[in-house]
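Student: Below, each chain spelled out in residue letters.
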Amino acid sequence: MNDIEDLITDYLTGALDPAARLDFERRMAADPELAARVALESELAETLGASPENKLRSTLRSIADQYDTPESLVAVPAQPPRKKGRLGWGIALLLLLGIGVALFLFWPKEAPETALPVAPPGDAPAILPGKPAENPPKTDETQENNSLRPARPVAADFRPIQQLETYIGSQVRSDAFRLRVDEPRSGAVLPAGTTNFRLSGKTEGAIPAGQAFHTMLFSNDLKDFEAMRPIENLALVLQSDAGFTLEKKISFQPGLYYIIVEEEQSGEWVFVDKFLVK
Amino acid sequence: MENTDLYFIRGILNNEAPVLSEIYRRFLPVLFGMLRRNGGTFEDAKDVFQEALVVVFHHAARPGFQLTAPFQSYLLGIGRFIWLRQLKKNARLEVTSEPEERFDIEEDLEQRIFESEKRNLYREKFKRLGADCRQLLQRFFDREPLLHIAEDMGYTADYVKKKNKVCKAKLMELIQNDPRFGEIRQSTYE
Chain A
25 MNDIEDLITD YLTGALDPAA RLDFERRMAA DPELAARVAL ESELAETLGA SPENKLRSTL
85 RSIADQYDTP ESLVAVPAQP PRKKGRLGWG IALLLLLGIG VALFLFWPKE APETALPVAP
145 PGDAPAILPG KPAENPPKTD ETQENNSLRP ARPVAADFRP IQQLETYIGS QVRSDAFRLR
205 VDEPRSGAVL PAGTTNFRLS GKTEGAIPAG QAFHTMLFSN DLKDFEAMRP IENLALVLQS
265 DAGFTLEKKI SFQPGLYYII VEEEQSGEWV FVDKFLVK
Chain B
61 MENTDLYFIR GILNNEAPVL SEIYRRFLPV LFGMLRRNGG TFEDAKDVFQ EALVVVFHHA
121 ARPGFQLTAP FQSYLLGIGR FIWLRQLKKN ARLEVTSEPE ERFDIEEDLE QRIFESEKRN
181 LYREKFKRLG ADCRQLLQRF FDREPLLHIA EDMGYTADYV KKKNKVCKAK LMELIQNDPR
241 FGEIRQSTYE
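These protein sequence lines are chains A and B, in that order.
Residue numbers for the first sequence follow our numbering, so the first one is 25 and each next one is one higher.
Residue numbers for the second sequence follow our numbering, so the first one is 61 and each next one is one higher.
Please keep in mind that the hints were generated in silico from the structure rather than gathered at the bench.
Please note that a few of the clues may not be correct.
Unchecked claim - DSS-like cross-link-like pairs, simulated, lysine-lysine; straight-line CA separation at most 30 Å:
#1 K247/A <-> K230/B
#2 K79/A <-> K187/B
#3 K273/A <-> K302/A
#4 K187/B <-> K230/B
Please put together the full structure from these sequences, using the hints given.
Tutor: Below you can see the structure in the form of structure tokens.
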């Protein structure tokens with residue numbers, strides 16, 4: 025007899041024969057908890073497996089990676105109505121100039137008063153439902169973004185990774201033990217350049233035998249975090265007095281950094297914190 | 061639907077890189093301008109823009125989909141909605157935007173946005189698993205046969221099967237213990 029895990033997998037992969045499938049669907053109808061579990065596993069496979077959405081995300085990421093700053097976006101000429109208007113007025117202006125020159129040459133004494141300079145047309149109207157979107161009005165933002173601005177401010181280098189921020193200060197591990205880190209203090213500021221990075225503290229509570237931990241240091245580069253590419257990945261050795269001290273010379277650029285201590289076997293995070301380098 | 065709008069929608073549905081690049085160049089600066097007024101950075105704008113495009117992908121793939129507004133208003137309206145939800149979660153400022161950027165989010169579209177948030181939560185929790193679990197589950201979710209995974213990873217089939225169950229249970233636990241899961245699930249089924 026298959027256990028429930030196998031049944032769910034077989035059901036979702038279409039491996040059940042019609043009778044077993046019907047039977048399983050009856051079980052789900054009678055057991056909302058089972059139905060919710062099957063739904064969650066189905067959504068996980070759809071989300072995390074090879075899917076059209078993930079292919080799209082991959083393409084979008086590679087495009088977005090090309091743009092580090094707003095200035096790197098070379099805007100496609102949007103051909104706003106204003107531009108067309110300017111061209112039209114320019115032609116009219118040239119024609120009027122030509123006529124003016126001709127009048128001046130041939131009837132110098134009766135040269136007409138020309139209407140120059142011609143005022144530019146008003147702003148393009150806002151897009152209304154049903155109006156073609158191919159010539160979107162150029163907003164102030166677009167104009168600002170197309171102009172060259174200084175590189176992004178230094179503060180942007182300290183931009184937090186939201187997914188990690190939620191774990192800082194929380195009791196990551198709810199079981200029998202936790203890590204208490206004395207150094208660096210949460211939000212500590214370390215000097216830029218080569219620094220003797222030191223992580224020290226004590227474990228509190230009983231640590232199951234055979235548990236091993238490692239410490240990952242991440243910059244605030246979201247891409248590195250998402251790809252689980254820490255700038256340092258160091259073993260965290262527990263001492264006999266339940267304390268730990270990890271030291272390494274690391275060259276830090278100014279910025280925001282995160283410390284994650286992970287349990288080797290399960291991959292569970294047991295400690296998350298951050299520090300600054302200035 | 062106007063030809064250009066159709067061109068953009070088809071490009072998203074068919075994952076056409078040149079069209080997607082054009083969408084980025086045309087509309088990301090506008091979204092960035094909108095977010096910047098509300099304390100958003102360029103990186104925020106890129107994240108929100110990507111999420112908005114994924115929502116469009118799911119929304120437009122539904123049978124009977126009709127674009128009821130110009131593509132720009134539609135895309136930026138979704139982006140604005142996503143950003144508004146992020147601001148609310150972070151208890152930051154109220155969003156201000158120009159009238160032409162406003163776009164009414166219909167219930168169906170709202171559902172697509174909530175589902176997208178749910179999938180992002182799954183991805184976030186998946187990253188919290190250890191490397192072994194991530195590798196194993198990734199192949200499992202890609203529907204690779206367990207026997208093949210076992211051979212390739214140098215384990216017995218029994219071990220891979222057990223490990224797979226442990227990893228899957230861990231992932232589900234991480235998801236179900238996150239309060240956002242309950243909130244999003246409630247929103248998606250309301």
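Student: If a hint holds in the structure, say so; if it doesn't, say that too.
Tutor: Structure-based check of all given hints:
1. K247/A <-> K230/B: holds (24 Å)
2. K79/A <-> K187/B: holds (18 Å)
3. K273/A <-> K302/A: holds (16 Å)
4. K187/B <-> K230/B: holds (12 Å)
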